[in-house]
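With the hints as a guide, bring the two chains together.
The listed protein sequences correspond, in order, to chains A and B. Start counting the first sequence at 1; every next residue gets the next number (our numbering). Start counting the second sequence at 1; every next residue gets the next number (our numbering).
Warning: the hint list may mix true and false statements.
[What the hints assert, rightly or not] Within a straight-line C-alpha distance of at most 30 Å, the following computed DSSO-like cross-link-like pairs (lysine-lysine) qualify:
{"id": "1", "chain 1": "B", "residue 1": "Lys280", "chain 2": "B", "residue 2": "Lys55"}
{"id": "2", "chain 1": "A", "residue 1": "Lys141", "chain 2": "B", "residue 2": "Lys100"}
{"id": "3", "chain 1": "A", "residue 1": "Lys51", "chain 2": "B", "residue 2": "Lys142"}
{"id": "4", "chain 1": "A", "residue 1": "Lys52", "chain 2": "B", "residue 2": "Lys235"}
{"id": "5", "chain 1": "A", "residue 1": "Lys51", "chain 2": "B", "residue 2": "Lys172"}
{"id": "6", "chain 1": "A", "residue 1": "Lys52", "chain 2": "B", "residue 2": "Lys233"}
Because the hints were derived from the structure by calculation, they are not lab data.
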Amino acid sequence: MILMAGPSKGTGIATRDAYGEVLAELGSENPDIVVLDADLSTSTKTAVFGKKFPDRFFDMGIAEQNMIGVAAGMSFAGKIPFASSFAMFATGRPWEQVRNIVCHNQANVKIVATHAGITVGEDGASHQALEDIAIMRAIPKMRVIHPADGPSTKKIIRAVASDVGPVYVRLSRPKFPVIYDDSYEFKMGKGTVLLDGKDCAIIAVGYEVAEALKAAETLKAEGIDVAVIDMACIKPLDDARVESMARKCGAIVTAEEHNILGGLGGAVAECTGSKYPVPVVRVGTKDTFGESGDIPSLLEKYGLTSRHIAEAVKAAIKMKK
Amino acid sequence: MAAYALTSDKQLLADKCLLHRRHIVKMVHCASSGHMGGSLSAVELATTLYYSFLKGDPANPKWDGRDYVVWSKGHASPLAYSILADLGYFPKAELATFRKLGTRLQGHVDRLKVPGIDASTGPLGQGISIALGMALATRLDKTPNHVWAITGDGEHQEGQMWEAIMAAGFHKTDNLTVILDYNKKQLSGPVENIVDIAPIADKYRAFNWNVIEINGHDIVQIIDAYKKALAFKGKPTVVIADTIKGKGVPIFEQEISGFHGAPPCDADYEKAMAGLGPAKWPDFF
Numbered sequence: 001m002i003l004m005a006g007p008s009k010g011t012g013i014a015t016r017d018a019y020g021e022v023l024a025e026l027g028s029e030n031p032d033i034v035v036l037d038a039d040l041s042t043s044t045k046t047a048v049f050g051k052k053f054p055d056r057f058f059d060m061g062i063a064e065q066n067m068i069g070v071a072a073g074m075s076f077a078g079k080i081p082f083a084s085s086f087a088m089f090a091t092g093r094p095w096e097q098v099r100n101i102v103c104h105n106q107a108n109v110k111i112v113a114t115h116a117g118i119t120v121g122e123d124g125a126s127h128q129a130l131e132d133i134a135i136m137r138a139i140p141k142m143r144v145i146h147p148a149d150g151p152s153t154k155k156i157i158r159a160v161a162s163d164v165g166p167v168y169v170r171l172s173r174p175k176f177p178v179i180y181d182d183s184y185e186f187k188m189g190k191g192t193v194l195l196d197g198k199d200c201a202i203i204a205v206g207y208e209v210a211e212a213l214k215a216a217e218t219l220k221a222e223g224i225d226v227a228v229i230d231m232a233c234i235k236p237l238d239d240a241r242v243e244s245m246a247r248k249c250g251a252i253v254t255a256e257e258h259n260i261l262g263g264l265g266g267a268v269a270e271c272t273g274s275k276y277p278v279p280v281v282r283v284g285t286k287d288t289f290g291e292s293g294d295i296p297s298l299l300e301k302y303g304l305t306s307r308h309i310a311e312a313v314k315a316a317i318k319m320k321k
Numbered sequence: 001m002a003a004y005a006l007t008s009d010k011q012l013l014a015d016k017c018l019l020h021r022r023h024i025v026k027m028v029h030c031a032s033s034g035h036m037g038g039s040l041s042a043v044e045l046a047t048t049l050y051y052s053f054l055k056g057d058p059a060n061p062k063w064d065g066r067d068y069v070v071w072s073k074g075h076a077s078p079l080a081y082s083i084l085a086d087l088g089y090f091p092k093a094e095l096a097t098f099r100k101l102g103t104r105l106q107g108h109v110d111r112l113k114v115p116g117i118d119a120s121t122g123p124l125g126q127g128i129s130i131a132l133g134m135a136l137a138t139r140l141d142k143t144p145n146h147v148w149a150i151t152g153d154g155e156h157q158e159g160q161m162w163e164a165i166m167a168a169g170f171h172k173t174d175n176l177t178v179i180l181d182y183n184k185k186q187l188s189g190p191v192e193n194i195v196d197i198a199p200i201a202d203k204y205r206a207f208n209w210n211v212i213e214i215n216g217h218d219i220v221q222i223i224d225a226y227k228k229a230l231a232f233k234g235k236p237t238v239v240i241a242d243t244i245k246g247k248g249v250p251i252f253e254q255e256i257s258g259f260h261g262a263p264p265c266d267a268d269y270e271k272a273m274a275g276l277g278p279a280k281w282p283d284f285f
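Bound-form chain B, shown alone (with noise of 0.2 Å):
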């Protein structure tokens, strides 16, 4: 087995994230459905996180010395399956049939039709506990796979969050990293004005994590937070990541839930794509 190449390639990967925009605008739009906000917010997070740092092999998806990925915000899907097929653990043209009857591309992120996927997500605040469940039997067959949890801050108001991260800090499990994509906003609007989740960087302190904060749209310090949690022993870290939902195209930047679940209309489809402007390589569908 061999893993896919990596690379810290700043620009590379700068232009691997503008091509996933696009790919997450257009494939909403395609469905008439979908969650661009909290997809376009976790593009730095995810795309430094795939092309730099996981060790997996899109021929043998499931090789067991992989690194396991819980996308703990499901719905972020568009931005999951863009990486996916770029990676090529399925044909790129296939991004055109997200959400449509008889796809493997699921609303939420689906482990049996998916290569790639390592749990089927999208009801939120479950992520923690499947990557914990993983972390903990990784660690008792001492094998090297990291588990890595690419969560949403609204999830963080379900219980049985803070159940895992309590369990977790608990269990000194140091082979898990959890993502926080902290974009402030929610379905029904700021996430401060709903039941704020702050101050939780202090909340995971408390319960015995190490704690990483960092601008989630600069992978200059995305790079270093994930070297980082990987080389810090004796607790699980937490990479909070200061972002804005719908990052990169402004109309929905200031929409009152950063875009969280509505399809664009044509003419806001197409102000988003002339906004972001092409990328490196042309569009896969």
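If we strip away everything but chain A, and leave its shape as in the complex, we get (with noise of 0.2 Å):
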């Protein structure tokens, strides 16, 4: 694994640019693959896939809880089907159907769903979802996964169409740091050591991952020596890692650009509750919806900065015992 560079705000690539540039090169190697949209291909990106593969392209219309039926039943006749809509109206919409008809049947759909999270910016609270992690985690079957960067995003797309089985993969819409170089390998319910660490572990996903790596330096100058790891893969969640950070530096932070309740933090704190409890403090939205903004102001308001992460280490390791 190679950082390839720095976090620094405002540069890279987005995640959903990688999804749209991948799924159309898995296109042209699997015919079965298809794909579903909910009017909003051109910024989910699914576009790209749409205009090289016209035929397994199907916009569904402002349809999702259609949508996602829809892609169940492509699958039982043996489609592979990515449906694509932002997050809030990917799993918060049609959540019964996601629940029902793809869980229950273990039905061979990706959800792939963009414009999660504080990220999203301008359009407010209304479209920033900060609760889906916790919803689709909730359901039997379901995996759940959160890249950090572009190239990890390929890659990771890559895996889940060559899995078999419902999965909801959360992508963003701004431009992220670039972390990986294309060496990184996903492996379902495997975390990434990005830094090692004894003081403290970051566990983190999505664009927090590059804050995390931020405030790492920023501790390490202060004489705190943190490690960060990318939990790309919320669920299932690599207890083993979890376990092993808690036990090695006995105080762990989560980050996410999520709601506190129900997510990385809740699935980090679940597992230290029953396998090696240690402090965990979770940086997130404290259960409150967003609001319209820029994102670095959103950041900072909302608490999401490597500042943010930087305090949250600090804290939990006064904690210790």
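Spelled out as structure tokens, the structure:
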């Protein structure tokens, strides 16, 4: 694993762009792949596939519940459907369809949603999904993946395309710093250790991985040695890694662009609670809706910057016995 | 792969209908739960479909040449199970396990457990979406599989139904046929007193469907309608079948919800079975 560049805001690749590119590549490789969207294909980037493979692209209109059912039906007839919309409308609107049609049927449907989290920005609270990890994670048979950057997104989409069963991949609107090069390999149920450390482990997902790396640099200058783990696969969670970091560091901070209830922080706290209890301080939105604004201002207001993560690390270390 | 043999022998179909009616009442009584009314109303519709039209192979239920059936009204599971058992998809005696712990025969049909079930359903309003997905996929592959969805009237109150009906009309999936078991009663009472779905034929026509209206207990009309549905090109077809909820058992037919989801008491059970009379074959359990 090579870190390509230090985290820096506003540069890099949007995970949705990486999705669009790799989906079009996969379309050439596997004729069974079909793609569905709900009138957002130019935003979710499935339009790239649609342009290349018009026969295998289905814009189902603004009707997400039907889209999910159609995707499942296609999978029963042997297709590999990717169904996309914004995270709010791919998980919230059709939750019961995802639960009953996709997961209870163990349908081979890949739900890949973009525009998750507070980094949706100006569109505001109604479009900022901050609960999607929690509601997808609660469904049996569903796997939940939230990539940290463009290159890892490409590998993850390739991995889920050849894997069988329901999966939710959470992508984002803005450009994210590039963390990985092409040597990144995704394994279902495994996290990636980006930095090793002994004082505290920061377990992060999505954009917050970049903020966590930045926080680690700052903390290092202050003599605090932290580990940083990209837990892109939130479910199944890498229990062994969480436990080993809890044993080694004695304190954990989680960081995600999601409610602190029920998301990555919830998953890690559940794990440590039963495997090896240590302080877990959760960085995320504090059970609140978001609002309109530019991304840096929103990250600052909702407590999602590297500074907030560094503060959480110090608080977690203080709580150690 | 070989599909099972089909028949258009009307007397045989009528005899099978009586057998399935007996099983439905018996299974629900035996389980002390289940949905008799909406199973009994769809007996002729489903029996004719499975015995006279469907391509299927009980020895290989996932045969890719099969026609697909989505039981959108997944609570009509006693009817589905009785038919599938008779066709040889699973042992007949298993009907006695309906709704009991550990059974494959779940309260609502489950594709992962029951051979011959193509989609797990039960939550209403979802079946046409699933069937449309199958129809679009098989059309893409240019294979001749036909897709059938067995729907109820009450579930047409769900918004997702109309999303699916609109999309199917738009996509002109003529390899999709929806059967509407229009028995006019739902759990709480008559559909027309709750949120009426009428004029349902006009609604489907407005959504660009081919509409066929029949008496859903008349096997001759059903055979004719299914033939027309299979032959029709350029639009999906809906067969709107006028039916009676609880059909075949007067005390169920007269009940306000058509005995939607309650088991019969012992006295009603005895009365129902005596009224139905013996079928040409002994009951399976």
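Consistency of the hints with the structure:
no. : hint                  : in the structure
1   : Lys280(B) / Lys55(B)  : 25 Å, holds
2   : Lys141(A) / Lys100(B) : 24 Å, holds
3   : Lys51(A) / Lys142(B)  : 21 Å, holds
4   : Lys52(A) / Lys235(B)  : 27 Å, holds
5   : Lys51(A) / Lys172(B)  : 22 Å, holds
6   : Lys52(A) / Lys233(B)  : 29 Å, holds
The structure fails none of the hints (numbered hints given earlier).
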